[in-house]
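Enquirer: Each protein sequence line maps, in turn, to chains A and B.
Per the numbering used here, the very first residue in the first sequence carries number 1; after that it's consecutive.
Per the numbering used here, the very first residue in the second sequence carries number 1; after that it's consecutive.
Honestly, the hints are just simulated from the structure, not real lab data.
Predicted, not measured: the structure shown is a model, and the values here were computed from it.
Any given hint might turn out to be false.
The list makes no distinction among identical chains, and a pair is therefore deemed to hold if it is satisfied within one copy or across any two copies.
Unchecked claim - Listed next, the in silico DMTMM-like pairs over lysine to aspartate or glutamate satisfying Cα-Cα at most 20 Å (straight line): (1) Lys266 - Asp243; (2) Lys13 - Glu265; (3) Lys267 - Asp243; (4) Lys267 - Asp110; (5) Lys13 - Glu86; (6) Lys142 - Asp269.
Residues per chain, in single letters:
There are 2 protein chains.
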Amino acid sequence: MSFPDRGLSERKKQILKAIVDAHIEGGGPVGSKYILQNQHLTCSSATIRNEMAELEEMGYLEQPHASAGRVPSELGYRFYVDSLLEHYAMTTAEIAQINNLLKAKMGELDQILLAASNLASSLTNYTGIAIKPRFRSVSISKFELIFLSADHYILVAVTSTGAVKSKHLRGKTDVTPTALSKLAASFNRHLVGLSADRITLPIIMRIEEEMGEDAGIVGSAIKTVYGLLSEMDEGEMRVSGIDRLLQYPECSDVGQLQELLGTLEKKEDILDLVSRTESNGINVVIGSESEVKVMNNSALVFKPILQDGKTVGAIGIIGPRRMDYAKVLATLEGLSGNIANLMQANNQLNGGFSDGGNEKDGNA
Amino acid sequence: MSFPDRGLSERKKQILKAIVDAHIEGGGPVGSKYILQNQHLTCSSATIRNEMAELEEMGYLEQPHASAGRVPSELGYRFYVDSLLEHYAMTTAEIAQINNLLKAKMGELDQILLAASNLASSLTNYTGIAIKPRFRSVSISKFELIFLSADHYILVAVTSTGAVKSKHLRGKTDVTPTALSKLAASFNRHLVGLSADRITLPIIMRIEEEMGEDAGIVGSAIKTVYGLLSEMDEGEMRVSGIDRLLQYPECSDVGQLQELLGTLEKKEDILDLVSRTESNGINVVIGSESEVKVMNNSALVFKPILQDGKTVGAIGIIGPRRMDYAKVLATLEGLSGNIANLMQANNQLNGGFSDGGNEKDGNA
DNA sequence: ATTTAGCACTCTTCTTTTGCGAGTGCTAAA
DNA sequence: TTTAGCACTCGCAAAAGAAGAGTGCTAAAT
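Required output: the full structure, derived from the provided sequences and hints.
Expert: Given below as structure tokens:
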């Protein structure tokens with residue numbers, strides 16, 4: 001995936017980097033003179049022009065029109081991200097902010113991700129996304145049935161990913177607490193660990209058999225479980241900070257903006273892209289690199305969130321192609337680290353309140 | 001609330017209505033000549049000009065600049081919506097669409113609302129919102145504690161609004177299934193029906209007393225309950241079809257668009273507005289009418305969704321001030337009717353699958 | 001007293017023009 | 001291989017011009 005550095009002299013690299021940096025900062029095309037001033041090079045602008053011409057020929061730069069400066073191409077950005085990027089160190093203030101805000105919002109994974117995406121958005125000033133990927137196979141690791149009234153109960157399921165899902169149910173025949181706990185036991189015996197496509201008829205029959213004369217409620221309960229599992233498969237995506245998209249001049253082109261908003265709205269493509277990604281590190285998708293239709297002039301940076309080695313979500317940033325990659329990468333890296341810590345802490349303390357985490361006295 | 005019709009002659013009304021209609025359709029200022037052509041009036045353009053001048057003086061119309069046509073003012077829209085609006089009949093095709101799509105998505109309230117907002121958005125071509133309002137006071141009507149492992153359990157609570165919430169908990173001391181069921185019983189005895197602010201120390205002490213030597217887990221569990229209740233208070237809002245905002249020329253003004261997007265993002269204001277509304281019918285908020293800061297040139301139309309006489313949510317539409325009110329009102333009306341039906345059906349059938357499983361009994 | 005026709009006037013908007021400046025490519029010298 | 005110099009090309013922005021739409025007003029007509 002990475003490009004051979006040979007073929008790009010040190011000077012060319014320096015010039016390329018200077019152009020990308022300048023373009024990220026200013027947004028406009030960058031000319032030879034500007035580089036000469038802001039970069040101490042021992043050559044003249046003419047030389048730089050020559051180098052630029054070559055870089056353009058190689059595909060790293062583009063010229064919007066004949067007599068403008070150069071703009072990095074997609075390839076140019078790719079090279080920049082892969083090889084030229086200097087790491088951006090987060091200020092301690094930023095780190096503190098992450099810690100505080102995340103702690104305050106600590107709770108279920110969904111909420112953590114959402115908060116993280118918000119935070120990412122406000123720290124970087126781009127649009128943040130929080131993703132719960134599609135799971136190829138979720139299963140349920142624990143069932144519970146809660147009796148409410150003679151014809152009304154609730155099915156609660158703890159999924160293999162740790163989420164808790166529930167559904168209201170009405171039995172067509174009356175239900176009893178006893179029957180419910182029998183059913184729960186039976187479910188726990190037979191359905192735990194099964195993904196939606198592995199709930200087969202023989203299993204259902206076995207459960208009905210065990211339920212004896214209370215078999216009447218099995219049908220709808222199983223259907224509900226099935227639905228729950230399919231629902232989990234779906235994946236979800238939340239966007240925060242859309243308004244920030246507008247700050248960037250390239251988005252004043254309404255057509256492009258609409259396309260991007262549409263993509264953010266549909267979510268399908270992005271969800272697909274993220275769900276299919278295997279890397280656990282930070283991914284940078286620039287423009288049309290991926291077969292997935294992300295807007296032509298924008299880039300998506302995202303990082304999967306792992307729990308016990310499994311991907312349980314992702315946070316990311318969407319912005320213009322010329323985004324400040326150094327900062328974005330650092331922010332996501334920092335955030336994901338904090339999330340990991342939090343989740344661990346969360347597991348070890350109680351259900352999610354930031355009361356200082358100290359559990360010595362145990363009451364309010 | 002409504003305006004005295006006297007003071008507005010029939011002809012003035014007709015002219016005002018014509019202007020609003022034309023402005024809704026075209027978006028630009030409308031002139032006297034245009035009205036003359038599209039409206040059969042027995043007078044000349046000069047007369048219309050005179051009338052328009054008077055209408056402007058009364059505050060129903062505005063002139064963007066000296067020699068443009070007139071544009072309805074906020075007041076003009078208000079009068080239009082209150083008195084002039086002709087009812088728009090939904091086509092059977094649209095009704096069928098609502099029915100089908102909603103049925104397919106039937107499930108928990110959240111999902112119904114979301115689907116409805118999507119649908120509203122695509123039917124009207126404006127931006128849809130789905131709202132779960134802040135509840136002044138939620139309480140919990142049933143507790144259940146699920147044992148997972150020696151130091152790990154789940155608290156499940158059914159709220160007075162019918163939602164089910166859950167939290168993972170870790171006890172600082174080991175827990176036993178027995179202790180958990182004792183605690184659940186105790187919670188059900190003492191905490192049911194209480195809103196967050198009415199969980200007081202004496203109650204907590206009573207529970208701890210009842211738990212005897214297992215009192216150690218009470219503290220964190222109570223805190224969780226408390227947090228759950230506050231969380232419910234929060235309200236939530238989802239937006240769909242943001243990209244549609246861009247279709248309207250008034251949004252090409254980036255500044256305004258950004259303001260509107262910001263509002264949609266913050267959600268606070270809108271949530272406030274909706275939560276505070278008492279009317280059960282359709283509400284139309286135009287521009288800056290409300291003290292709440294909705295964007296100046298846009299309008300919000302929403303309708304609360306009732307269940308057993310209580311407001312459990314709302315669906316709405318956000319669009320430019322010059323939106324097609326007739327259509328929007330009809331769509332929301334239709335949707336809310338369907339949602340009501342669905343929720344009822346949902347209650348009478350099983351937990352959320354449209355398998356046609358027919359049930360006899362049903363109470364709320 | 002109301003309505004109408006006519007006309008001058010005012011503003012916006014669209015297009016065209018013009019000038020400027022930034023930046024390039026090329027050539028010839030170092 | 002690098003540099004200095006220069007003519008050339010474009011895009012951008014302000015200025016100028018032309019076109020049109022719509023009004024307000026006045027004076028005549030009903």
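Enquirer: It remains to establish, for every hint, whether it holds in the given structure.
Expert: We went through each hint and held it up to the structure:
Within a single copy, lysine 266 and aspartate 243 get their C-alpha atoms as close as 17 Å, and across copies as close as 10 Å, so both meet the 20 Å cut-off. In this assembly of identical chains, lysine 13 and glutamate 265 lie within 20 Å of each other by CA distance neither inside one copy nor across copies; the values are 38 Å within and 41 Å between. Proximity of lysine 267 to aspartate 243 under the C-alpha cut-off of 20 Å is found in both arrangements, the shortest distances being 17 Å within a copy and 13 Å between copies. In this homomeric assembly, lysine 267 and aspartate 110 come within 20 Å of each other (Cα to Cα) both inside a single copy, at 17 Å, and across copies, at 18 Å.
With identical chains, the CA atoms of lysine 13 and glutamate 86 are at most 20 Å apart within one copy only, with a shortest distance of 13 Å there and 67 Å across copies. In this homomeric assembly, lysine 142 and aspartate 269 never come within 20 Å of each other (Cα to Cα): the closest approach is 32 Å inside a single copy and 40 Å across copies.
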